[in-house]
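Respectively, the protein sequence lines represent chains A and B. For the numbering used here, add 24 to where a residue sits in the first sequence, where the first one is 1. For the numbering used here, add 4 to where a residue sits in the second sequence, where the first one is 1.
Just so you know, these hints were derived from the structure itself, not from any lab. Predicted model only: the values in this text are computed from it and were never measured. Ideal Cβ positions, reconstructed from N, Cα and C, are used throughout, including at glycine. One or more of the hints may lead you astray.
According to the in silico footprint, chain A covers these stretches of chain B (three or more CB under 8 Å from chain A) [as the list claims (entries may be wrong)]: (1) 87-95; (2) 102-112; (3) 125-132.
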Amino acid sequence: MSRRGPRGSVVLAALVVLRAVAGLSGDGRAVWSKAPGSGPVNESQLFLYGTFPKDFLWGAGTGAFQVEGGAEGDGRGPSIWDRFARTRLGSGGGAGGGSDSDSYAFLEKDLSALDFLGVSFYHFSISWPRLFPDGEARAANARGVRFYNALLDALARRGVQPVATLFHWDLPLALQRRYGGWRNASLVGLFNDYATFCFRAFGDRVKYWLTIHNPYLVAWHGYGTGAHAPGEAAGAAAVYAAGHNLLKAHSKVWHNYNINFRPHQKGWLSITLGSHWIEPNRSENMMDIVKCQQSMVSVLGWFAHPIHGEGDYPEEMKKKLLSILPLFSEAEKSEMRGTADFFAFSFGPNNFKPLNTMAKMGQNVSLNLREVLNWIKLEYDNPRILIAENGWFTDSHVKTEDTTAIYMMKNFLNQVLQAIRLDEIQVFGYTAWSLLDGFEWQDAYTTRRGLFYVDFNSKQKERIPKSSAHYYKQIIRENGFTLKESTPDVQGQFPCDFSWGVTESVLKPEAVASSPQFSDPHLYVWNATGNRLLHRVEGVRLKTRPAQCTDFVSIKKQLEMLARMKVTHYRFALDWASVLPTGDLSTVNRQALRYYRCVVSEGLKLSISPMVTLYHPTHAHLGLPTPLLHSGGWLNPSTAQAFEAYAGLCFRELGDLVKLWITINEPNRLSDAYSRSGNDTYRAAHHLLLAHARAWRLYDRRFRPAQRGAVSLALHADWAEPANPFAASHRRAAERLLQFELAWFAEPLFGSGDYPPAARAHLAARARRGLAGAAPPRFSEAERRLVRGAADFCALNHFTTRFVLHEQPRGGRPDSDRDVRFLQDVTRLRSPSRLAVVPWGARRLLRWVRHNYGDVDVYITANGIDDPALEDDRLRKYYVEKYIQEALKAYLIDKVKIKGYYAFKLTEEKSKPRYGFFSSDFKAKSSIQFYNKVISNSGFPSENSSPRCTQTQRNKECTVCLFLVQKKPLIFLGCCFFSTLVVLSITIFHKQKRKFWKAKNLQHIPLKKGHKRVLS
Amino acid sequence: MGWDEAGAGFEHPGLWFPMLGVLLLGACQAYPIPDSSPLLQFGGQVRQRHLYTDDIQETEAHLEIRADGTVVGAARQSPELELKALKPGVIQILGVKTSRFLCQRPDGALYGSLHFDPEACSFRELLLEDGYNVYWSETYGLPLHLPSPSSPYRDLGPRGPVRFLPLPGLPPAPPDPPGILAPEPPDVGSSDPLSMVGPSQGRSPSYAS
């Protein structure tokens, strides 16, 4: 907290000098020209769990004019903002109009609010016209002095540090009238007089002084755009003259404090500088980066360069503004330089509005606080930084449930933590802005920025903590972000019979075999010299071989990919409309069934077992046979019967090979497609449930005894968390969403045989309030018997976790009767299609299932993410690892009976989000290897554990098999070569032998006499 | 004695042949040798090609099957076609992007059909010595030629076949590496500048594809 420099060692000093020399303005550019992040799963970009430094200062802030009220009572003079609010904003005069927080009267309530938060400092401002009604520091208003003394004493009693701003925009109106405000250089001396009084009166208790709050806004909007008081649009010269005087006023006050007060008061003094942040339109485009630098320099650099830099305006500004920009003499420069004991920085909405007055230079504004801190570090030699203002606003109708403010704060604060921990930026304190709702300058009372809600029309002006106050309190208590959502990774394995799969959507059956040359019995002659056509030779019929699975090229492709994935199971869907084009059994497409049978049987040869989905509708394609679609689709009860017949056919034709069946994929998404009215949605869902139950009963009765398989339906099962953990309504909304999304189908099957009572109760409550809503159909007793228990396992397609907001009940849209909205937590890792990576959500979902439906077998039948990378898909790898890890925790710790995990999905389509382990042109991505490893380890075993399953052995065998299968031609030719060699060598050997014998025989010729002897 | 010795000499091959047999049988079980199709000279039984022609006097053109079912000659390289053998010399032509088969009406007019009709959509492929191909409707015996730009549906008048050059598709343009495109700038005038709050429609990736 002391000024840097003198205490530093020689080395450090040398380093500082070096940096100062090298670090002339323009270094900040490096922030934009950094190498593009190495992928989305970059440790330095992920949400950082961790704590702030031990002595980090936590605070909340207010501006005097915004909250004090008591305008012209008690001896306070009018300020320029009183006049501006009355004349320009039409509000009954910001302060004192009776519609503010009235801190002057309710000081105790502010102090209680600070107690609630547990802050270490309170950043407030002293009202110049409250102490000196006409601005001139002659006789101070005693009641004003008493007020601030009371505040400071109360803070001291609580151990809360005061951080006092001398000037937060409420210039005494008299000074504006007499001198023309900050355009006039006499303000420099007047401000110094006022400051001297404050140091004298309060400096014994105030250790952190801030002279001026955001001088950029005072000069730019006060004298340039007229958006702030005094509301002058006086041109560039006036703007820069005002800025010049503000700078000089600050410098004078710093020297005054440094010489006259610091020796005995031992405090620190700075000026709060505010800024926006900006990103180049095209990253790595040098022109755009230069423009971004100009934009930052012309706002933050304007004040920061003289004070924190070399004592003069930035070169870019001097070049551009030539005669307009006032000049600093050499003496003034040296007086200006270094007049701040730390860097006080403000980052909030005021620097971003109005958007059209910003110096954007055609680039994109950004809310990245971490990058702007990096810019400050690079430009101003890594100063110690106090964030003197940060936060965002909510609309005025938002009372205490300021959910978006929580996530804005979370986002900003984590960026600060990243800046401290990863970028080594010396941020030593943070001010949440603001403590209370109040007057929001040009927005008057149309926005709210408080951590505490104040009903401006009430008499007592109670300060009610908003959700963001609860959230901030929690962060202060923990001094950062501690990991609570997810427990540490575990080591362990899934059982040996666990099915490790990959999911593919509908396989379009190949209509025509791709290699007809083996099945065409005709002989052709190529008329090579004539018309070059093939001529069939009549009367000749060749022998053909029977049709076989290798006739289908696409199957080979799939098997190659599956073999590479080393999965044990392959989940794919049949195309109902292809198998039964007419919707009934009158026309069965045998060719399609044969194709599917081939997929299954060929897979089994590689010991890849199938999980077959009978019906997989998609957003673009309902997948119903056309006649059924025309007769009303799922709104027609007969579709359920048609489905039963179709399922029966599939069970009969494929059931000997298929042991895992999914009847319908995501009926909860399909029913949404019937969105003309809520009634339609529920009716479609009803018929889907009945269709599934009929198919299950059929299997149970007719096929299970022989086939011994299992049948269920796969639900789209994203987890739901309350967006605002401090609002009971959000917790209820999250549970309600689960009731409508999951329990709607799960409760009839695994539970009572009826729709979840909680959802019914919600709909009834809506109906009582007269909101347009739908009544779900009722199950007849027969239907209830049909449905209840009609599933052998629970199949969940889980992709992400939704953060759920409660929405005020409305009528109208059919999906609105759930009264929920979703919130995207921007601090979380997410995919290009905005799918948040929330692994622990999977475990909570699995626990929820176990809690509600007992010890059912659970299959995760789809789990995956879109990763833009075509080869090195690190996001997918991260996702798969973390989600399997959570599934393992659920299995080992929560005893959820997980039987299988199916990664989503095998291949992706062109120009669609990239969900595939293989690209649309069948190129393998690197996450496959990772998944391979998890499969062969059966999870995440500890290093010294011996493999429990013989699976590894089987895999070893299979590598040999695979080698044999892949190198078949080579082996074949090798064998041919080898046998030829053997035959040849034998032949040669025998020839030699015969020659030898011949020679021997010839040798024996003279012995022919002995022939008799031999024969005898 | 001599016969005895000779017999002993044949004992070795007697051991070798069964072994060889086992080896050979093991190696060539029942699986066909992969990639042995005679059609592979085309680079596969299914070819991804653009059908290019410069027979239309004015201009060069690529055959394009549009999503609305019309068939035109496009000046720019059109989306890929999939040429797949149906039987010797006969192919089907599928527009990959639009999922429509190229088909011909009895009057010779071309259209793109979502449904494959073997009568209307089979074409006989004839290879010419200059590398160009001509195509004839298998059923009607009509040559395949592009409609004239003025009347996209009809192109009457006796004309010979148009020669097409099946060009392999250009390698796809490399996709934009992630992170280069600037993200949407925040809406700083809003209380939700990062557009966090959205509609409640829970989309499922598995329902989208």
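Hints violated by the structure (listed by number, smallest first)
2
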